[in-house]
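Q: Chains as they are written, first to last, in numbering that gives the first Met the number 0: chain X, 0 to 258; chain G, 0 to 326.
There's no promise every hint is true.
As the list claims (entries may be wrong) - Taking beta-carbon pairs under 7 Å as the criterion, some of the chain G residues facing chain X (in silico):
| id | residue |
| --- | --- |
| 1 | L106 |
| 2 | H119 |
| 3 | L122 |
As the list claims (entries may be wrong) - Pair by pair, the computed Cβ-Cβ distance ranges are:
| id | chain 1 | residue 1 | chain 2 | residue 2 | range |
| --- | --- | --- | --- | --- | --- |
| 4 | G | H119 | X | T229 | 57 to 67 Å |
| 5 | G | A18 | X | A204 | 23 to 33 Å |
| 6 | G | D23 | X | L123 | 14 to 24 Å |
Rather than coming from a laboratory, the hints here were simulated on the basis of the structure. Treat the numbers as computed from the prediction; the structure is a model and nothing was measured. Cβ atoms here follow ideal geometry from the backbone N, Cα and C, with glycine treated the same way.
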Amino acid sequence: MSATARLDDGLRDTIAMTRRNLYHYLRLPALLAVAVTQSILFVVMFTYVFKGAIHTPGVHYVDYLMPGILLLAVAFGSPNTGVGLAEDLTTGMLDRFRSLPMARPALLAGRTLADAIRNLVVVLVMLGVGALIGFRFHAGPFAALAAIALPVAVGYVLSWFAALVGLATGDAETAGTASLLPVIPLAFTSSTFVPVDTMPGPLQAWADINPITHIVDADRALILGGPTATPVFQALAWLTALAAVMIPLALRRYHHATQ
Amino acid sequence: MSGSEPAIQAEGLHKRFGAVQALDDVSLTVPAGTVVGLLGPNGAGKTTTVRILTTLLAPDAGRARVAGFDVVDQAAEVRATVGLAGQHAAVDPLLTGRENLDLIATLHHLDRATRRRRVHELLERFDLTAAAGRRTSTYSGGMRRRLDLAASLIGQPKVLVLDEPTAGLDPASRKALWATIRSLVDQGTTALLTTQYLEEADQLADDIVVIDHGQVIATGTPDQLKAQVGGHRIEVELAHPADTTSAVQALEELASGSPAVDPHTGRLVIPIPGGAAPTAAVLRRLAGAGLDVADLVVRRPTLDDVFLTLTTRTDQARPVTTVGGTR
């Protein structure tokens, strides 16, 4: 088969798998409802709880906070990818797909793409709710689009990580908690909620190299305005590096998936 | 596939998982147009064999060709020509029956018209048309199995691999699924069927490969295997169950092995060697010992007898422990 025919089949397979997983969200509306409710809670709760305590001179706290909670919301949603794959593994669905003449990467590509679409919905809902309590973009439409795309991209990379965990553990419950483990400490030791210069010295040093700090700083720059080139470049470098590790590992794991 | 090449040819397959030697030199051949039953207890290596033949697992040693393609070097070609119905009914519970088949058809890269036609045909053939618009989470176990079987036929496979296709089904659904598989077989489907149900292998398979502890311990047609354990079985139902020990003593000389008591029916089962069954001699001896007989049946050995004779495993409950049969 020619390379273009293979690519064509691969794309069709990916679309078919994406559709399958989007059907799941449509048929189990509770899944999406929980995610949306959680993100609304994030916006309202963090804004009003932290607003009084944290000083962000010259900036509305909701504007300061939004990048961080967008990131947190996609991070909390990412275990879904691994949970779904672990379920497919235990129910024999993965064996079925792996025995078909389909493009093998398409299963994971479709699954993660469907979850990225879900994340986009969550991000847009959060921005809508944020707008109701005073959130605004300050750096123009292109920066705004980039500010929306960045957390979705982060969620996409985290989905591949969750896919790896789901396939490696082969158990839905374990996959659900295990894939969140690294995300929580990383998020809270970054610039997500508080400015880094308010942290004690050693933590400040760590927060400065924490990839989530770079990603949140980049998204913040895209929302608030100011110099964006350096933080965005750093964020993209981190995402590319993480993707370059996670995607091949997850694909390899899928290739050898056994119950 | 050339005319003479078998549909499946496996030679010397080995596979180890940690400390467990799952397959220890398994070879088997499935001639085109036949159904071979791979028979063995739980943990015998049936599923490992199936997973290797369907490219889901690579063997540690040995080689296998399916429809003329090597399962390791030509895995993509094998996947395009083999249909797998695994141990689970692998259907998506949130999709409808039709959506499930359409998804599999799409992943076989069929064009829209072919897809629609084939899905329609298979739904009809497996009596699922009425339920096609319902999510499969509402299906019965038998319906999910039929849909799974339909899914394995979407690509019009040259070789069908059925891994314990009726596991977990109630007896009525099992019989119904046998009829479905039987009709596929009658239409010339080539299949490898694993099962731990002897009756299933007897009903559906032309040839049987008995496997235990990762090794092939017998091969042949059901009749050959039955002949291998020899002669006849005479089942005696005594008027007084307390006479069992005396009856065993009275018949010991005629038997080719030790007489056993069927735990379910309480009948005495006596293996008798060779040609004509010495029914009269059995009756004479029992009468001579002063024992009253309520019923006496002469029968050929069943696969149950074969299985019990061949597998020596005593460390776990066997799926079939009766020595009796109704045939």
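Q: Starting from the range 57 to 67 Å, see whether the pair H119(G) and T229(X) falls in it by beta-carbon distance.
A: The hint (57 to 67 Å, Cβ to Cβ) holds, given that H119(G) and T229(X) are roughly 59 Å apart.
Q: Just tell me: holds or violated, for the beta carbon distance of A18(G) and A204(X) against 23 to 33 Å?
A: 47 Å, violated
Q: Mind checking the CB of L122(G) against every CB in chain X and telling me if the closest is under 7 Å?
A: 18 Å, violated
Q: Less than 7 Å between beta-carbons is the criterion; does L106(G) satisfy it with respect to chain X?
A: 4 Å, holds
Q: Range hint 14 to 24 Å: satisfied by the CB atoms of D23(G) and L123(X)?
A: 58 Å, violated
Q: If you take the shortest Cβ to Cβ gap from H119(G) to chain X, is it below 7 Å?
A: 19 Å, violated
The structure does not agree with the numbered hints 2, 3, 5 and 6 stated previously, though it agrees with the rest.
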